[in-house]
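Modelling step: build the complete structure from the supplied sequences, incorporating the hints.
Residue numbers (numbering that gives the first Met the number 0), protein chains in the order written: chain A, 0 to 657; chain B, 0 to 821.
Check the hints yourself; a few may be wrong.
Said to hold, decoys possible - SDA-like, lysine to any residue: derived pairs with alpha carbons at most 20 Å apart:
#: 1; chain 1: B; residue 1: Lys357; chain 2: A; residue 2: Ile268
#: 2; chain 1: B; residue 1: Lys357; chain 2: A; residue 2: Met485
#: 3; chain 1: B; residue 1: Lys454; chain 2: A; residue 2: Ile268
#: 4; chain 1: B; residue 1: Lys357; chain 2: A; residue 2: Ile489
As the list claims (entries may be wrong) - With the C-beta cut set under 7 Å, the calculated list includes, among others, these residues of chain B facing chain A:
#: 5; residue: Gly402
#: 6; residue: Asn405
#: 7; residue: Pro406
#: 8; residue: Gly416
#: 9; residue: Lys454
#: 10; residue: Glu457
#: 11; residue: Pro459
#: 12; residue: Pro463
#: 13; residue: Gln505
#: 14; residue: Cys509
#: 15; residue: Ser510
#: 16; residue: Glu544
#: 17; residue: Pro546
#: 18; residue: Pro556
#: 19; residue: Tyr559
The hints are simulated quantities; they were obtained by calculation from the structure and are not laboratory data. Built from N, CA and C at the ideal position, the CB exists for glycine as well.
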Amino acid sequence: MKLYCLSGHPTLPCNVLKFKSTTIMLDCGLDMTSTLNFLPLPLVQSPRLSNLPGWSLKDGNAFLDKELKECSGHVFVDSVPEFCLPETELIDLSTVDVILISNYHCMMALPYITEHTGFTGTVYATEPTMQIGRLLMEELVNFIERVPKAQSASLWKNKDVQRLLPSPLKDAVEVSTWRRCYTMQEVNSALSKIQLVGYSQKIELFGAVQVTPLSSGYALGSSNWIIQSHYEKVSYVSGSSLLTTHPQPMDQASLKNSDVLVLTGLTQIPTANPDGMVGEFCSNLALTVRNGGNVLVPCYPSGVIYDLLECLYQYIDSAGLSNIPFYFISPVANSSLEFSQIFAEWLCHNKQSKVYLPEPPFPHAELIQTNKLKHYPSIHGDFSNDFRQPCVVFTGHPSLRFGDVVHFMELWGKSSLNTVIFTEPDFSYLEALAPYQPLAMKCTYCPIDTRLNFIQVSKLLKEVQPLHVVCPEQYTQPPPAQSHRMDLMIDCQPPAMSYRRAEVLALPFKRRYEKIEIMPELADSLVPMEIKPGISLATVSAVLHTKDNKHVLQPPPRPAQPPSSKKRKRVSEDVPDCKVLKPLLSGSIPVEQFVQTLEKHGFSDIKVEDTAKGHIVLLQEAETLIQIEEDSTHIICDNDETLRVRLRDLVLRFLQKF
Amino acid sequence: MDPECARLLPALCAVLADPRQLVADDTCLEKLLDWFKTVMETECSLHLLQDHPCLMELLSHVLKPQDISPRVLSFVLRLVGIFAAQEDCFQYLQQGELLLGLFGETGALSWAAWNMPSVRSGWIQGLCSLAQHPSALHFLADSGAVDTIFALQGDPSLFVASAASQLLVHILALAMQGGASGSSISEAAAWPVCAQKIVNHVEESLHSKATPQVTQALNVLTTTFGRCHSPWTGALWGRLSPPVACLFERDPIPAVHSLMDLLLSVARSPVLNFAACGLWEMLAQTLSRLSPTQAGPLALGTLKLQHCPQELRTQAFGVLLQPLACILKATTQAPGPPGLLEGTAGSSLTVDALLSSKSAFVGLLCQTLAHLEELQMLPQCPCPWPQVPLLEATVTILRLCDGSANPSSSVGGRLCGTLGGCVRVQRAALDFLGTLSQGTSPLELVLEVFSVLLKTLESPESSPTVLKKTFQATLRWLQNSHKIPNCSDLSPDALLFLGELFPILQKRLCSPCWEVRDSALEFLTHLIRHWGGQADFKEALHSSEVPTLACQLLQDPESYVRASAVGAAGQLSSRGLQATPTSPENPQAQQGLLMDFMHILSTDSEGFPRRAVLRVFTEWLRDGHADVIRDTEWFVATVLQAVSRDLDWEVRMQGLELAQVFLIQAMGRSSLHCPYTVGLPEATSPSPHPEFLQTLCRLPLFEFAFCALLDCDRPVAQKACDLLLFLRDKTTSCSGPQEAGDSPNSASVEAVLQRWREGEQGQPLGDLEPEAMLAILRSLDLEGLQGKLAKSSDHMEKSPQSLLQDMLATVGILEENEADCY
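And the structure:
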């Protein structure tokens with residue numbers, strides 16, 4: 000069993016598991032932090048961005064000034080943003096049989112894999128994962144395509160040139176593999192390969208293994224996966240949460256008794272408690288709005304935003320914010336808000352029960368009805384007519400490199416009355432803000448990450464007790480900035496095996512058993528013999544038939560005709576020879592009784608010696624030695640076959656035959 | 000005994016003796032016992048028994064085998080004990096064989112009801128009551144009761160077991176009191192037999208291998224040394240200290256907590272010569288043998304002792320400081336801080352032991368911090384008090400809790416993991432930090448404290464309770480941040496701190512959690528109360544949005560927050576710090592807050608904000624707030640009108656307080672109207688101007704006070720009574736010769752008051768002349784009313800007569816119910 004690690008990002012994993020002749024890809028996350036190296040794509044012509052000075056080398060050489068621009072001491076690539084793909088060279092991706100998706104954040108690289116590697120398999124995901132994943136991809140494509148950029152920078156990627164660049168461009172890894180965003184056509188084609196599954200549904204893969212999605216409690220339709228054969232069980236835990244938010248709670252019990260547990264997607268901010276952060280979010284929002292400022296919340300169009308809207312729903316009246324408009328701007332805003340209301344079966348119990356009242360499970364429906372929350376596909380069109388300040392705007396993209404958020408950053412960045420509140424933990428907020436410096440606007444960092452923290456992981460591992468834990472190397476040591484926090488790492492016995500990008504792990508467990516079926520007529524012919532109370536044995540002579548990873552014992556063919564003197568028939572060539580079998584023996588020989596029996600049968604001068612493994616009975620007169628051990632008995636006599644047979648028969652008296 | 004009770008007694012005794020009658024309520028029997036006790040304080044119990052044969056019948060009734068409820072049995076046992084406490088009565092009862100019949104081996108012990116813990120407890124308490132004289136001692140010795148008491152020490156019921164131990168101590172003390180003469184005290188062999196028996200038993204138990212027995216013996220001794228301070232206790236300790244010392248040699252030490260209690264109890268005894276009896280050595284050994292978790296309470300107890308040798312105090316203090324020393328050692332790079340905690344940190348083994356269990360370590364730390372906090376307040380506080388290291392340790396703990404500490408050692412890393420986000424420790428540390436503000440600390444440490452306080456206040460992880468405690472600690476540190484006598488100004492550092500604090504306070508005022516908004520407002524109110532007059536403070540406050548936000552919270556959905564917002568806004572306004580700048584051209588804006596408060600007073604559905612408004616109003620009136628003195632009469636009239644209709648008694652009470660402040664002020668002022676009284680000494684109370692009395696009638700303050708006098712809530716009536724008495728005293732001099740009833744309309748007022756008393760309080764008194772009011776005031780028996788109101792509202796129900804009647808009535812109801820069944 001091997002694990003090929005194609006992504007080094009612990010929360011955007013992409014691993015391939017080879018298990019019992021199947022090749023299973025676990026998630027295909029797309030690392031978008033690479034976009035932070037690029038200049039933002041402004042929706043409206045931005046004089047500030049377009050007038051940034053080009054960057055030149057120390058010696059004044061300005062050959063890169065078209066590609067690289069300088070802003071407040073940072074250098075950015077002036078080009079269409081590009082993404083860092085999972086490894087494509089480590090394993091031939093056309094051999095991947097299936098891709099299992101655990102949540103909509105971990106499928107953003109899917110079009111790259113399914114459309115460009117010769118992949119012919121199936122993708123399995125739950126319905127909300129697929130639908131919301133589609134929304135995320137659609138939004139991404141829309142954000143990038145609606146600001147076409149003629150230029151695509153490539154000079155800087157040259158290894159010799161990259162060396163000369165300032166950080167962080169200098170240290171960017173695998174820049175040659177960075178790719179531009181896929182198209183909507185590729186997205187549709189990729190999504191068409193998805194087969195929808197439900198929680199606890201068992202999916203057979205070639206008869207060899209069975210895969211099952213389990214609720215992971217992190218997002219709508221998010222799942223962990225069980226990959227098991229009859230005797231082995233691998234659990235894949237990715238992006239799970241034990242907090243009570245909108246999704247169905249995590250199914251922990253089904254993870255028990257795993258041989259290997261692959262653990263990814265823990266919280267990116269282990270020191271921040273989501274509840275505290277939500278409180279911080281609300282406080283800062285109210286404070287800004289009360290002082291007449293606007294609030295900008297860069298966010299994804301699905302996920303935490305539902306919880307934030309729910310908190311605000313409870314909070315705005317008490318905070319006296321009822322008259323403040325909330326705007327949600329995204330090309331998929333409408334679909335996201337509506338989809339959330341129809342996936343009742345994927346929601347937590349409280350929300351599910353609302354559906355039967357019937358009420359919409361999420362209170363944002365009421366916010367929309369009362370006109371407190373308004374949503375628009377983009378800042379163009381209706382929005383510009385309705386726009387009223389002070390207000391709160393939720394919009395993407397959290398990287399601040401594309402999407403409507405770029406416009407609001409340009410618009411509000413100059414006033415210290417306004418605040419940008421970062422809630423998504425995927426991007427460093429300081430890096431995200433770099434191309435907007437100098438910035439007068441206030442910034443607040445309230446990362447809300449509901450995924451498991453290390454305390455919860457340690458409890459989970461104690462509870463489910465896997466034999467081996469495999470996780471990204473980042474989880475096996477304290478975070479670099481807090482090297483003394485030994486509590487911020489996975490602590491388990493045996494220690495977790497760690498992986499990093501482009502590494503192949505041989506998983507430390509051997510397959511020992513295989514399930515074999517026995518045909519009814521063969522079973523019928525067996526004559527079990529009870530050798531101990533409750534244990535019966537029978538000898539089986541059969542033919543082992545293996546097909547489609549299933550093993551069946553079939554009755555042996557009838558004994559072949561006595562071989563004709565000439566040549567064998569061709570047919571019988573396939574049939575293995577069935578020798579007449581000697582009976583099998585069982586039991587143990589009680590030495591004292593055996594000696595007595597020997598004496599009864601005329602042997603005298605018998606000596607018994609104890610050895611490490613059993614006994615040696617010495618018949619001195621006959622110069623014969625009987626060696627009795629747990630699993631063997633030897634009679635050593637000097638070419639006296641009659642004596643040996645006599646002695647053998649005496650030995651056999653003490654043993655059972657079957 | 001009063002005749003009415005004497006009349007009811009036979010019926011009650013009959014009821015108690017009747018097995019068919021169930022006394023439903025245990026508390027009645029308790030009250031009955033209390034009553035008998037008080038009766039017997041003044042009367043001879045023998046006479047009482049003789050005068051009331053029904054009592055004797057009841058007592059002897061239980062001797063007959065019949066089905067009497069365990070409750071009554073227990074009651075009778077205790078009652079007999081109370082009677083037999085007097086020696087003559089004891090003799091009388093003993094002659095009748097009653098005592099042996101009840102307390103002897105053929106008595107209660109043989110009853111089936113003995114299985115009930117209440118009966119065993121009654122038996123013990125009865126004996127405890129009667130064991131007051133030498134005859135009782137003989138009785139105890141002869142009846143074999145002492146052996147039974149020994150057995151009861153291990154009773155499954157903790158109450159019984161504890162009472163048995165107490166009884167043993169009581170008997171021992173009684174025996175020693177009469178038995179041992181001064182010379183023979185030191186020779187235990189010369190002690191009375193009964194005392195010897197008990198001491199032997201205790202000694203045997205101390206040698207026992209079974210921990211429960213050791214615990215029992217230790218408990219008996221602890222109580223003995225706690226209660227008995229006669230010289231014989233010295234001899235007792237002399238005899239029993241070797242077996243006690245032996246307990247420390249066992250591994251593990253049995254009954255550690257009881258052992259520590261004993262040592263402390265002995266050490267507190269005023270009669271022992273500790274130096275001679277080796278107690279200090281024993282304490283020192285114990286402190287060094289026990290684990291840090293066990294030794295904490297003993298160390299604190301030792302430090303609290305009056306005459307403890309310095310060496311032992313140092314050792315005990317070292318034990319107490321051990322956990323903090325460990326933390327400092329694990330987190331500081333520099334070799335240990337000088338002064339404190341050197342050598343107390345212990346080996347790394349101790350640290351590992353401490354950290355082995357998170358919950359135990361957290362518990363120990365909280366306990367240590369609480370002990371140190373307690374210690375700092377006491378006169379026995381160790382001197383020199385290691386202020387600096389303690390402060391450093393506390394700040395470190397808080398940094399470990401909020402995750403901002405960055406220790407280099409591996410132990411430090413483990414501490415981070417153990418204490419990170421631990422709210423319990425955080426709370427305890429903040430409490431202690433607040434206490435530490437009283438000491439003198441170097442400036443750099445004070446800045447550290449301010450920085451950790453800011454960090455905690457800012458952290459999104461801080462829970463509401465932690466924030467509240469942080470606010471409290473912050474206030475204390477601001478008050479004590481530098482000690483310049485007679486100067487309440489803020490230091491420059493404190494001002495800098497405030498500059499950083501106000502933005503955080505702004506955020507906290509917007510918190511979604513109401514507890515946080517509430518404590519932030521309370522904190523703000525305190526800040527303004529202390530420093531609102533200072534220009535620097537005002538400037539810092541005004542440069543923030545805090546005042547605006549605080550006033551916005553007057554509309555908060557949570558009533559507690561509204562109440563706190565009222566307090567804060569009131570303070571802001573008192574100091575001229577309100578959010579909307581007051582300008583003479585815009586009196587409406589100026590009066591805005593007053594009107595807001597009036598609105599809250601008349602419309603808020605919850606009591607807390609209304610109470611808060613009245614508190615602020617009273618303060619404003621007292622301090623002569625500009626908005627109030629502009630038209631005080633209107634102000635008082637409007638407030639009283641709103642308050643008189645209020646359903647909350649505390650609001651009405653506050654209304655009376657406001658009225659009183661108004662009266663005091665107005666009377667003071669009215670005296671100033673007359674130029675001739677200026678030079679008069681204060682003592683000659685100035686009589687109010689007739690116009691002023693007119694004002695009172697017009698307000699109508701009289702009506703309000705009369706109405707309150709009849710209030711169904713006693714405190715309100717009391718307050719009204721006090722107010723009217725004050726008013727009457729002040730107006731005597733200005734009264735005319737008119738008597739009550741002379742005035743044309745005083746009769747109608749009387750009539751209205753009468754109707755009010757009868758519950759029809761809707762009718763107004765109408766327009767009244769001051770004279771009529773004064774006449775009424777004089778005609779009311781206010782002193783009598785004050786006396787009546789001073790008694791608790793249940794004083795009628797508490798009388799013994801009522802108790803007896805109630806008990807009989809309950810039985811009566813039972814009978815009726817029984818009849819209903821047919």
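Do the hints match the structure? See the list:
| no. | hint | result |
| --- | --- | --- |
| 1 | B:Lys357 to A:Ile268 | 23 Å, violated |
| 2 | B:Lys357 to A:Met485 | 14 Å, holds |
| 3 | B:Lys454 to A:Ile268 | 18 Å, holds |
| 4 | B:Lys357 to A:Ile489 | 18 Å, holds |
| 5 | Gly402 | 6 Å, holds |
| 6 | Asn405 | 6 Å, holds |
| 7 | Pro406 | 6 Å, holds |
| 8 | Gly416 | 3 Å, holds |
| 9 | Lys454 | 13 Å, violated |
| 10 | Glu457 | 9 Å, violated |
| 11 | Pro459 | 4 Å, holds |
| 12 | Pro463 | 10 Å, violated |
| 13 | Gln505 | 6 Å, holds |
| 14 | Cys509 | 4 Å, holds |
| 15 | Ser510 | 5 Å, holds |
| 16 | Glu544 | 6 Å, holds |
| 17 | Pro546 | 12 Å, violated |
| 18 | Pro556 | 4 Å, holds |
| 19 | Tyr559 | 13 Å, violated |
When the structure is compared with the earlier hints, violations turn up for hints 1, 9, 10, 12, 17 and 19 and for no others.
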